[in-house]
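Chains as they are written, first to last, in our numbering: chain F, 1 to 367; chain C, 1 to 367; chain B, 1 to 367; chain L, 1 to 367.
Rather than coming from a laboratory, the hints here were simulated on the basis of the structure. This one's a predicted model, so the numbers in the text were calculated from it and none came from an experiment. Here a beta-carbon is modelled for each residue, glycine too, at the ideal position from N, C-alpha and C. A couple of the hints might just be wrong.
Taking CB as the label site, the calculated pair distances span [claimed, not checked]:
1) F:Trp336 to L:Ala170: 50 to 60 angstroms
2) B:Glu149 to C:Asp167: 19 to 29 angstroms
3) L:Gly178 to B:Asp177: 49 to 59 angstroms
4) B:Ala146 to L:Ser44: 29 to 39 angstroms
4 protein chains.
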Amino acid sequence: MTKIGIGIIGGGYMGKAHSVAMAAVSGVFETKLRPSLEMIAASSDASAARYAQAFGFAASTGDWRELVAAPQVEAIVIASPQETHREIAKAAFARGLPVFCEKPLGASIDDAKAMVAAAEASGCPNMIGFNYVRTPATQFARQLIAEGEIGDLVWVRGEHTEDFYADPAAPASWRTDGKANGTMGDLSPHMINAALALAGPIETVNAQIDTVHATRGGVPVTNDDQAQMMCKFANGASGHLFFSRVAHGRKMGYAYEITGTKGAIRFDQEDQNAIWLYCAEGPEATRGFTKILTGPAHPDYLPFCQGPGHGTGYQDQIIIEAKDFLTAIETGEAVWPTFADGLAVSEVIEAAHLSHETRAWVDVHRA
Amino acid sequence: MTKIGIGIIGGGYMGKAHSVAMAAVSGVFETKLRPSLEMIAASSDASAARYAQAFGFAASTGDWRELVAAPQVEAIVIASPQETHREIAKAAFARGLPVFCEKPLGASIDDAKAMVAAAEASGCPNMIGFNYVRTPATQFARQLIAEGEIGDLVWVRGEHTEDFYADPAAPASWRTDGKANGTMGDLSPHMINAALALAGPIETVNAQIDTVHATRGGVPVTNDDQAQMMCKFANGASGHLFFSRVAHGRKMGYAYEITGTKGAIRFDQEDQNAIWLYCAEGPEATRGFTKILTGPAHPDYLPFCQGPGHGTGYQDQIIIEAKDFLTAIETGEAVWPTFADGLAVSEVIEAAHLSHETRAWVDVHRA
Amino acid sequence: MTKIGIGIIGGGYMGKAHSVAMAAVSGVFETKLRPSLEMIAASSDASAARYAQAFGFAASTGDWRELVAAPQVEAIVIASPQETHREIAKAAFARGLPVFCEKPLGASIDDAKAMVAAAEASGCPNMIGFNYVRTPATQFARQLIAEGEIGDLVWVRGEHTEDFYADPAAPASWRTDGKANGTMGDLSPHMINAALALAGPIETVNAQIDTVHATRGGVPVTNDDQAQMMCKFANGASGHLFFSRVAHGRKMGYAYEITGTKGAIRFDQEDQNAIWLYCAEGPEATRGFTKILTGPAHPDYLPFCQGPGHGTGYQDQIIIEAKDFLTAIETGEAVWPTFADGLAVSEVIEAAHLSHETRAWVDVHRA
Amino acid sequence: MTKIGIGIIGGGYMGKAHSVAMAAVSGVFETKLRPSLEMIAASSDASAARYAQAFGFAASTGDWRELVAAPQVEAIVIASPQETHREIAKAAFARGLPVFCEKPLGASIDDAKAMVAAAEASGCPNMIGFNYVRTPATQFARQLIAEGEIGDLVWVRGEHTEDFYADPAAPASWRTDGKANGTMGDLSPHMINAALALAGPIETVNAQIDTVHATRGGVPVTNDDQAQMMCKFANGASGHLFFSRVAHGRKMGYAYEITGTKGAIRFDQEDQNAIWLYCAEGPEATRGFTKILTGPAHPDYLPFCQGPGHGTGYQDQIIIEAKDFLTAIETGEAVWPTFADGLAVSEVIEAAHLSHETRAWVDVHRA
């Protein structure tokens, strides 16, 4: 195993998740590259030092530029606020470093385009963190569809719904301010990425975007609580995507139902170890949706969990991401999803906003 | 118990269901009026005679006019093809007979309007047969929402999906010909009725209507296989409705999820004895969707089934309709849903077609 | 269709269910014999008259002997208290009448033996009313097992659990008095019958029988609240059966899981339209329990419910029983389950009581 | 954070799991003690070196004695074959080291007793690895029961069922040889531990133990494929436990249903992020089992997974164990489950074997 020096920028929720993942990944997957936690950067020297201590980094800094420049850092993970993604990624690519960037790619579609351009110019491995699509269940769904197991797609329904703002009495916060922090900015990327991954490019969309609660505690809410869009895929399938942060009862409603000419697939992240498959084969009397529990027969099932049903969790998704990022670095080949995939998601979001304004269908690539 | 003479027009699927229901209803619910199966009409004397024998009618006829005119017939059930509904209903109202009409109200919105006008002019009891909304579960959902149990509605998702035409190799038939027999004509009325019943009037819609399989066995398909619509309700809620006859794996996918500011409700007709309720009350640690099995505590639960979990079935829905129709006759008061409710459904459908053509949002009442 | 005069003894819960079923069965299944509701008997002239009026019988009587003797009565249904079953059945067989008897066969194993003997001596069609086993789902399970679809049976787990006496504050009643009204007497027969039907004869049992609440409102409880038994089947499978009337949350917990050498089956009456099947076939990655919704492809699915997922309910089970009883009368051939099947259930119950007393395994046929 | 040197004995499945857990735990839970992976021992120098490289240990050895003696090792995890547990634990306690031992405690009840004695004599922190009981769901179940949320317990049903030997054609292996490797030895400890943890001591048992497939590929099978036991708990509840390695379709069937006088709880490890709770409170019409998704409101929910529904997996259970072991070391207080709890499990197993032989009920403490 070859050591590789890892620098992580950001020590919050996702910074922590990636730190743990980098510490665990080689034990879990026995990767060729073994991460060495070299440096963590945060918004101040003090917080960075605290993160380094908690997560086991050798060094820390309050200035991400120092991290990007440090010779012992050979690959970086960006888990800082989205406004900082662009500048950090450009600096890292300029130094020739592989970059893993948390979603969204940047704070705007311009950021996203610039980051893709920088990645391509550098030729460095690059990935984006759509972690939910990493479950063995969803990866298996993608494989089933790609192999034609459910035939040509006819219908795609997806949602990413949670209820963290369902209580009308919940106070305003940074989450209720600014386009990027609303439901379209925060939750929709995950499911749009899944839709693209599972069903291919979206050509046209027709969206409606709602601010359900106009104020919270007297403070105006400047972004959206829920949004929906009808869409047409390049393969001819129709679809519907829904996003909500006010969906009472939904804790991790990352769910989809996909119907083809030969069968159908259903999934709900709230039971993330199961994937439901209907195949229109065999006697009518024994047809139905089969509840498949993911296990060693499915993609990226953690080797620890030798038997099916052992269960993957949220942290496991991040470990799988770490494994794939290491593979991209080792082989130099693109490992899905790249920055370009992140940009494709942003384009759909842009088109949806335009559609909402015009109250009509909009072409994604005209947007 | 007072005897009431029943005439049923149509001996097919729904004619049979209503015949059985009329024979059973007084045993089940101990109604004040006891149906007497006086006459059944069908398209020929021979088939009518066969139906009379099978279902236990005293007389039969190949001419519905004879049935409507028969003095012993005191109330009628229309279960004949939709093209015939208008003329039969008008004749029955002209004779002062209460009329129960299977959905859809007529073959066109003009039919529906004319039938409502005739019903109102006559002052006779009138009902329309949206049977699925009759389950104790859905009636309980309606009651919960009306009583504010889940607060102000925020989101309504409904679908009526089946897979009887999911096989691309299934041959063309009368079902694949003519607007009234497509998914919008055949399946959408049930769920649009449910949406109106549960969430109130729909103000604007934005629809997309697909013919997934343009030909079947070389024969052109002239109507739609699936359709979706985004909608805004008068109460401010947003919604999405989906209808499909090509939804592999869905056998009776009459399902909805309704979210309010205080909770949420979920239902799927494939498990029609359960209703799922989430209330944002009590400690966070014990919150979740509660799976409620319908029983004596719920509306219209069949008295036979004294305990919860005994289970209602399809035929039971028709028996509940029969009970309500008898009540309307006995009391002279309108019992929901009336012909006017059927017309409201037709108006939404019209607006959806117009929206599909214009690829933009359409007001329901401008349609 | 040939008319057949039906007499029903008992107008309570099950008497009502059978009355409605007899009124409906020929419409539903288009039977060769058409029931004519000739007479109903109850404990007094007045209540019998009231039942006749409610359920549509031509005549009524407070004396079951009058009913059994009436020439227009050609077949009878016994739905009176279990203490009366033996005498009524014997009288009916003596007159050469086909008899359908509600479970349990009698009030004791002696009753059951005497009734089987009388039935056999008469040569008359005879059936016993284990209605839950009549769902299309359970009949399909039986067929799957019989055809070897899940291989040789290895394990059988069954339960019949309800919660009607789960509240410790619920007062004593006739249900808490007398062996026949306890859980072993009241609930166990249904699931023991299912176990025998699905897995064949039981050879040995080892039971534990509990009175959980010794008194209710100060009144001693003289029978059991819950009971369990381990058992060995003649085919070598092991099993466990559990019965409870104090199972909070269980409304109709008639449920089983059966494992064989090639697969497994799961069922729960609380979702009576679904049967879950696991077949150890095909690629590991697509194996799982398939949730099959009963429909036209399954045994005894009501013709009304042309598509799968329409749903059968409690009353439908009784209609299926009526259809089978009419078939037995028409063909003269035994239709399962006969009185002999009811006796087999009683024998297991006897052995379980003996096992409980001895705290050890007991042979069923030594009991 | 204080560093603590960890030695792990065994590099197979569980050794790997504990290695990853020790590397991750301080990032996840921000423990006061931070593990330092000092040495790993395996059956040979070569394999130990390979494990050290893969899992990130500073040193390795083919002799566990060297590890126990190494001054930099301050606490040990035993994940070697069960025959070795006793000797290793005794040596570690002799050196005053805290010991975490994988289940089962030893290869026999004598081993277990000796290990408990050694632990108590040393006064060192000691724990045993019943990982499944560590899910937030099961810990919450335990808390609910302890707080009386479902009242006095009446019924406890548990199972641990898998299908890794369900195929009769699967060849014989070490798993099919020797009492300790059969279902009672391998699977039953997990669920017996859960039963004791949830419902308290078991007083008497009545068991049946089956070798379903007497030979595999012509080789005799010397241990059991499935087993069941009826039991009585000290608190008066009755129960049933079932264990199987031939349960087709069950991948991680660690499941229980527990009923009390005020409610009930249901859990299935195949959906390990959900716990179902029924409370007999409030209006009848809204009662039902509530599906609670574990989240921050529940015990030991991983801090990473800030929102409910993010999901814990198998590896997360081991991380929780690591956190608790570190707490035991830090505080010097016993953290459940200790070696004594492991011994209690072994005593139930012993009594079950004796009961099977005598075909009657056996007292656990007489065993």
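Hint check results:
1. Separation of Trp336 (chain F) from Ala170 (chain L) is about 36 angstroms and departs from the stated range, judged on CB atoms against 50 to 60 angstroms.
2. Distance hint for Glu149 (chain B) and Asp167 (chain C): a CB-CB separation of about 24 angstroms, consistent with the stated range 19 to 29 angstroms.
3. Separation of Gly178 (chain L) from Asp177 (chain B) is about 52 angstroms and conforms to the stated range, judged on CB atoms against 49 to 59 angstroms.
4. Taking 29 to 39 angstroms as the suggested C-beta distance range, the pair Ala146 (chain B) and Ser44 (chain L) does not conform, at roughly 54 angstroms.
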